[in-house]
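Student: Sequence lines, in order, name chains A and B. Heads up: the first sequence begins at 1 in our numbering, then just goes up one per residue. Heads up: the second sequence begins at 63 in our numbering, then just goes up one per residue.
The set of hints was computed from the structure by calculation and includes no laboratory data. Treat the hints loosely; a few may be bogus.
Stated by the list, open to error - Label-pair restraints from in silico Cβ distances:
{"#": "1", "chain 1": "B", "residue 1": "N239", "chain 2": "A", "residue 2": "R56", "range": "16 to 22 Å"}
{"#": "2", "chain 1": "B", "residue 1": "G218", "chain 2": "A", "residue 2": "R42", "range": "37 to 43 Å"}
{"#": "3", "chain 1": "A", "residue 1": "D6", "chain 2": "B", "residue 2": "E332", "range": "20 to 26 Å"}
{"#": "4", "chain 1": "B", "residue 1": "K95", "chain 2": "A", "residue 2": "R42", "range": "36 to 42 Å"}
{"#": "5", "chain 1": "B", "residue 1": "E243", "chain 2": "A", "residue 2": "R56", "range": "35 to 41 Å"}
{"#": "6", "chain 1": "A", "residue 1": "D6", "chain 2": "B", "residue 2": "Q213", "range": "28 to 34 Å"}
{"#": "7", "chain 1": "B", "residue 1": "E71", "chain 2": "A", "residue 2": "A28", "range": "48 to 54 Å"}
{"#": "8", "chain 1": "B", "residue 1": "G335", "chain 2": "A", "residue 2": "I4", "range": "17 to 23 Å"}
{"#": "9", "chain 1": "B", "residue 1": "D154", "chain 2": "A", "residue 2": "D6", "range": "26 to 32 Å"}
{"#": "10", "chain 1": "B", "residue 1": "S220", "chain 2": "A", "residue 2": "A28", "range": "49 to 55 Å"}
{"#": "11", "chain 1": "A", "residue 1": "R42", "chain 2": "B", "residue 2": "A458", "range": "24 to 30 Å"}
{"#": "12", "chain 1": "A", "residue 1": "T44", "chain 2": "B", "residue 2": "D87", "range": "47 to 53 Å"}
To be verified - Listed next, the stretches of chain A that the computed footprint assigns to chain B, with coverage defined by at least 3 CB atoms under 8 Å from CB atoms of chain B:
{"#": "13", "stretch": "1-8"}
{"#": "14", "stretch": "15-26"}
{"#": "15", "stretch": "31-44"}
Where is the CB? At the ideal position from N, CA and C, for every residue including glycine.
Here is what each chain is made of, one letter per residue.
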Amino acid sequence: MRVILDTELCEANGQCEIMAPDLFRVQADNTVKYEANPDEDRRTEVEDAVEACPTRAIRIKS
Amino acid sequence: MATRSAPEEVPHFDLSNPEFSALADEVHAARDKAWFARSNYGVVALRHEQVGALLRDRRLRHGLYSWPELNGVTEGPLHHWWINNLNSQEGDDHRRYRRLLNPLFAPKSIERMAPGFQALTHELIDRFAPTGRCEFVSEFCEEFSARILLQLVGVGESSWRELQRMCGEFGISMGVNIAKELPRIEAALAELYEFTDELIAARRADPGEDAITGLVKTCDSGELTGDELRNMIVMLVFGGLDTTKNQMGIALDVFMRHPDQWDLLAERPELGGRAVEEVLRIEPTVLWISREALEDVEIEGLAIPQGTTVHLLTESASTDPLVGGDVPFDITAEHHPRHLAFGGGPHHCVGHYLARTDMREALPILAKRLRNPRADGPAEFRPWTGLGGPLSLPIAFDPGDAEGRA
C-alpha cells in the first residue's frame, strides 16, 4: 500500500498520529514523518487516518 | 516585530465585561502590536501562528476541563459528564474515543447525507417563502441544526424541538451561570441521557449498518463502557447543535452585508464549500477557545506556568495580516493556512466535516431562494465572547425559485 501526504494541505493537527501512532508522527517543526509503504494489514488504520485528517491531506494510492 | 514586548506594552482586555467583543477593533489593534494581550483571565493569544501552535501543543490540555471545578461544581452528574467527555480526555483515552467516533464523521458517510440536507433546506424554506419574510433563527436555524443531528444519529426528526430545548438548557453549563443554574442544567442532562438511552436500546433491539449501531456493538464487546457510550452521544448531539444553529445565522447576516457575494453564490452554487470557509474565517461562532498548561510551557519568551489557562481568539487569528487574513470577504478566495474556527491539534472539532457539509449544501439553496435578503426589524445577538451568533434575525426577501429566478 502506498500512502501520499500532501504537505501543502497538511496543518500538523496530528489526527493521523492519533489514529495510527506508529505510522504517522508530527515533528517539532510541524512536518509529519510517515510510513509511505505500510504493510497491507495496516490498511484499516491508514484509512482511519485518511478519514480523520481535518484538511484531507492524506491519500492511499493503491 | 513585537513578539517579545515588555509587559507594560502589552494590551489589556477586560474579558468579564459584558460589552467585550472578540470581533472588536481593539482586539485587531492589539493583535497588530503583539501576539498576545493580557486580561483579567490571563494571557489571550491573538495571532494565527501562536494560536495554532498552542492548539497543537500537547503540553496543554483542553481549557474547558477545569471549568466546572473553577466554578465550585466538583461532583454530581454534570461534573461526571464533563470530566468524562471527549474534550476532557488526553492520551490513550482520547485516542480510543476519537477512533471510535471516526466512522460517524467520516467524509464518505457524511457525503451520503448531503441529499437529505438539501431536502431539509427546501422543506424549511417552503414554509415561509411565499410570505417573503421570516425570523431566520427560529424559522430556519433551530430546526435545521436539530434535525441534522437527528439525521446523524438516525432518530425520528419530530423530536427536534425537544432536543433543541434540552441542548439550550444544558448549554448554560458553558457560561458563568453554571453553579447558579446547576439544577436546571442537570435536569436537562437527565433528559439528554434519557434520549440517549432510548436511542441505544432501539439500536440494540434493531441493529442497522449505521455508526451508532457500531458504537453500541463496541460497547457490548467491552471496548467502551455503557457510561462512556451515553456520555459520548450526549457530547456529539450537544456539541453539534448550537454551533450549527449559530453559524447558519451568522452566515446569513454576513451575506446580507455582502449582497454581491450572495448573488454570486446563487449563480455559482459550487462555491458553497468556499463560502462556508470564508464565513468561518471572518465570523466564527466559536470565538474563544482555551487551553490549560499541563506543565510549565514557554512560547516565544512568554512563560505559561503549569495550571494556567490561555485564551485563544479564533477570529483574530484567522484574520491575522501576517497570514494574509486582512482581506475582504470573498467566496472565490482560498486561504493557506486556513482559519482556526474548528480549533486545531488533538482537539480539532470532531464534527467539522458534518458542519462544513450541511452549510455547504444549505447556503447555495438559500442564496437562490432568498433573493435580496434584508433586515426586517432589529436583530438580537449573543454577546460576541464564547459562542457568538444571532438570537433573532428578522429578514425580508424576494422569493426566488430553485434556480434563483425571482
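Student: Confirm or reject each hint.
Tutor: Hints, verified against the model:
| no. | hint | result |
| --- | --- | --- |
| 1 | N239(B) with R56(A): 16 to 22 Å | 39 Å, violated |
| 2 | G218(B) with R42(A): 37 to 43 Å | 40 Å, holds |
| 3 | D6(A) with E332(B): 20 to 26 Å | 21 Å, holds |
| 4 | K95(B) with R42(A): 36 to 42 Å | 48 Å, violated |
| 5 | E243(B) with R56(A): 35 to 41 Å | 40 Å, holds |
| 6 | D6(A) with Q213(B): 28 to 34 Å | 31 Å, holds |
| 7 | E71(B) with A28(A): 48 to 54 Å | 29 Å, violated |
| 8 | G335(B) with I4(A): 17 to 23 Å | 22 Å, holds |
| 9 | D154(B) with D6(A): 26 to 32 Å | 29 Å, holds |
| 10 | S220(B) with A28(A): 49 to 55 Å | 52 Å, holds |
| 11 | R42(A) with A458(B): 24 to 30 Å | 57 Å, violated |
| 12 | T44(A) with D87(B): 47 to 53 Å | 50 Å, holds |
| 13 | 1-8 | violated (count 1) |
| 14 | 15-26 | holds (count 5) |
| 15 | 31-44 | violated (count 0) |
Taken one by one, the earlier hints fail for this structure at numbers 1, 4, 7, 11, 13 and 15, listed in ascending order.
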